[in-house]
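Chemist: Here the structure of chain A is known, so what remains is to put chain B in place on it, guided by the hints.
For the protein sequence lines, the chains are A and B, in the order given.
In terms of my numbering, the first sequence opens at residue 11 and continues consecutively.
In terms of my numbering, the second sequence opens at residue 11 and continues consecutively.
Just so you know, these hints were derived from the structure itself, not from any lab.
Incorrect hints may appear among the rest.
Identical chains share a label here; the pair holds if one copy fits it or two copies do between them.
Said to hold, decoys possible - Here are the simulated DMTMM-like cross-link-like pairs (lysine to aspartate or glutamate), alpha carbons at most 25 Å apart as the crow flies:
#, residue 1, residue 2
1, Lys171, Asp127
2, Lys191, Asp21
3, Lys171, Glu187
4, Lys171, Asp203
5, Lys171, Glu132
6, Lys171, Glu205
7, Lys171, Glu223
8, Lys191, Asp203
9, Lys191, Glu132
10, Lys171, Asp116
11, Lys171, Asp242
12, Lys171, Asp67
There are 2 protein chains.
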Amino acid sequence: MRFTSERHLADDILEREFTLGDIPGVLWTPAPAARPAPLILLGHPGGLRGMYPRLADRARHAAAEGYASATLELPGAGDRPRDAAADRARADLRRALAAGEPVTDDIVDRLVLPLVDRAVPEWRAALDALLDLPGIDGPVGYSGGVISIGVRLAAVEPRVKAAVLFAGSFVPRAVVEEARKVTVPLLVLLQWDDEHNDRGMALDLFDALGSPEKTLHANTGGHTGVPRFEADDANRFFARHLT
Amino acid sequence: MRFTSERHLADDILEREFTLGDIPGVLWTPAPAARPAPLILLGHPGGLRGMYPRLADRARHAAAEGYASATLELPGAGDRPRDAAADRARADLRRALAAGEPVTDDIVDRLVLPLVDRAVPEWRAALDALLDLPGIDGPVGYSGGVISIGVRLAAVEPRVKAAVLFAGSFVPRAVVEEARKVTVPLLVLLQWDDEHNDRGMALDLFDALGSPEKTLHANTGGHTGVPRFEADDANRFFARHLT
Numbered sequence: 011m012r013f014t015s016e017r018h019l020a021d022d023i024l025e026r027e028f029t030l031g032d033i034p035g036v037l038w039t040p041a042p043a044a045r046p047a048p049l050i051l052l053g054h055p056g057g058l059r060g061m062y063p064r065l066a067d068r069a070r071h072a073a074a075e076g077y078a079s080a081t082l083e084l085p086g087a088g089d090r091p092r093d094a095a096a097d098r099a100r101a102d103l104r105r106a107l108a109a110g111e112p113v114t115d116d117i118v119d120r121l122v123l124p125l126v127d128r129a130v131p132e133w134r135a136a137l138d139a140l141l142d143l144p145g146i147d148g149p150v151g152y153s154g155g156v157i158s159i160g161v162r163l164a165a166v167e168p169r170v171k172a173a174v175l176f177a178g179s180f181v182p183r184a185v186v187e188e189a190r191k192v193t194v195p196l197l198v199l200l201q202w203d204d205e206h207n208d209r210g211m212a213l214d215l216f217d218a219l220g221s222p223e224k225t226l227h228a229n230t231g232g233h234t235g236v237p238r239f240e241a242d243d244a245n246r247f248f249a250r251h252l253t
Numbered sequence: 011m012r013f014t015s016e017r018h019l020a021d022d023i024l025e026r027e028f029t030l031g032d033i034p035g036v037l038w039t040p041a042p043a044a045r046p047a048p049l050i051l052l053g054h055p056g057g058l059r060g061m062y063p064r065l066a067d068r069a070r071h072a073a074a075e076g077y078a079s080a081t082l083e084l085p086g087a088g089d090r091p092r093d094a095a096a097d098r099a100r101a102d103l104r105r106a107l108a109a110g111e112p113v114t115d116d117i118v119d120r121l122v123l124p125l126v127d128r129a130v131p132e133w134r135a136a137l138d139a140l141l142d143l144p145g146i147d148g149p150v151g152y153s154g155g156v157i158s159i160g161v162r163l164a165a166v167e168p169r170v171k172a173a174v175l176f177a178g179s180f181v182p183r184a185v186v187e188e189a190r191k192v193t194v195p196l197l198v199l200l201q202w203d204d205e206h207n208d209r210g211m212a213l214d215l216f217d218a219l220g221s222p223e224k225t226l227h228a229n230t231g232g233h234t235g236v237p238r239f240e241a242d243d244a245n246r247f248f249a250r251h252l253t
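For reference, chain A alone in the conformation it holds in the complex (with noise of 0.2 Å):
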């Protein structure tokens, strides 16, 4: 993990640019403070540069209350090369909603199984760099972006403890499956009127989640139109399980 840039912002967060191998991400640490502070990671749907104002608020608002964050860029997207196949699958998907017609299976397996299997072992080999970091340890949080990731993440990775989780995009079945491995608490956001979901899916796959402890919020409004109160929300979920 090599830092490219530092700068502070407001109320002393520190925001660092970081390159792990070839991969960019952004790690926000607050103020220093006496013990170290637990980790969030982030998640997005792709393309650090156009997130880049809501991860910077959703890390402000962690930093608040004591979280680091970090994140990183997806696989195929941002200034990351291309995916054929994937480019292939999303022009299918878009086909699909544009002519109305049910997006297969077939389709979500090509355009997501892909890129969780290559972003799953890379947030976890950030995991490895940023918890190496002075001022920054366990536990550690995942916090919305592509579902699938997050739900493979808490699936596989055991020093994340908690996650909240965006149901805001496909799902393959396989992912499904391994939902019900998952076991750490979780809050799962559901935009009511998402444009881009299909909520009978994503309440089936609520109900697959393995953790005794998972939590539904769902909210009126379309896909970019979270309450601000669940930033809130989930600060509040993190802290209930993160400290």
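Modeler: Here is chain B on its own, set in the frame of chain A:
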């Protein structure tokens, strides 16, 4: 409204039992403050005596945030005269559940509609009396209890400005239609593994509610397993809408 007893609880909360005509009720008011306290009506399934510990707990939790709370015995419950038709419908419901048979619309209608028809005017009359008391003023919130009563009250009573509903009982189809007329902000609690409740019907009711701002909190666990943190969430919901 006639007060029949009063006592002081911890934290300077005043608990007063009253009768409204022949209907018993309880009023909890927080320590006197510069401004009149907003009022929360505490719904319950009927049987004030058995429900008292949980109701007093909710009232204490609300008083800590400056709210007065009040509740009223339901028609046919507690010491109020039994309703033979409702008792027959309840017996039919228990028989169907015990036999693993479907609960018909007819049973639900016979059990719930007369209760709603009687209870809602009583709670509105209680509001008239409660809001005349010194130290209490609107806006009014409604919380918990038989969800059909909460839906009807939110639909017809303009002084109710926000409601927390508990998706924990059967809902007549007529009430699902009334739900479309509700416009106040709602927080709906659903126990995901509720042994007394049909999850699909509860989600359909949430979908039908007409409020532009509505939030569903679903938690793992059975009917009485609502997590403690939901009481804090309810307080914050009321703080957003009643103050």
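Chemist: Look at each hint and say if it fits the structure.
Modeler: Results of checking the hints against the structure:
Proximity of Lys171 to Asp127 under the C-alpha cut-off of 25 Å is restricted to the intra-copy arrangement: shortest distance 21 Å within a copy versus 48 Å between copies. Taking the shortest Cα distances, Lys191 and Asp21 never come within 25 Å of each other, neither inside one copy (39 Å) nor across copies (45 Å). For the identical chains of this complex, Lys171 and Glu187 are intra-copy neighbours only, at 20 Å inside a copy versus 42 Å across copies, given an alpha-carbon limit of 25 Å. Taking the closest pair of Cα atoms, Lys171 and Asp203 come within 25 Å of each other only across two copies (24 Å); inside a single copy the shortest separation is 30 Å, beyond that limit.
In this assembly of identical chains, the alpha carbons of Lys171 and Glu132 lie at most 25 Å apart only when taken from the same copy (18 Å versus 48 Å across copies). Proximity of Lys171 to Glu205 under the C-alpha cut-off of 25 Å is found in neither arrangement, the shortest distances being 31 Å within a copy and 29 Å between copies. Within a single copy, Lys171 and Glu223 get their C-alpha atoms as close as 12 Å, which meets the 25 Å cut-off; across copies the closest is 31 Å, which misses it. In this assembly of identical chains, Lys191 and Asp203 lie within 25 Å of each other by CA distance solely across copies; the values are 19 Å between and 28 Å within a copy.
In this assembly of identical chains, the alpha carbons of Lys191 and Glu132 lie at most 25 Å apart only when taken from the same copy (21 Å versus 49 Å across copies). Taking the closest pair of Cα atoms, Lys171 and Asp116 never come within 25 Å of each other, the shortest separation being 32 Å inside a single copy and 47 Å across copies. For the homomeric pair Lys171 and Asp242, the shortest alpha-carbon distances inside one copy (19 Å) and between copies (23 Å) are both at most 25 Å. Only within a single protomer do Lys171 and Asp67 lie at most 25 Å apart by alpha-carbon distance; the minimum there is 23 Å, versus 31 Å between protomers.
When the structure is compared with the earlier hints, violations turn up for hints 2, 6, 10 and for no others.
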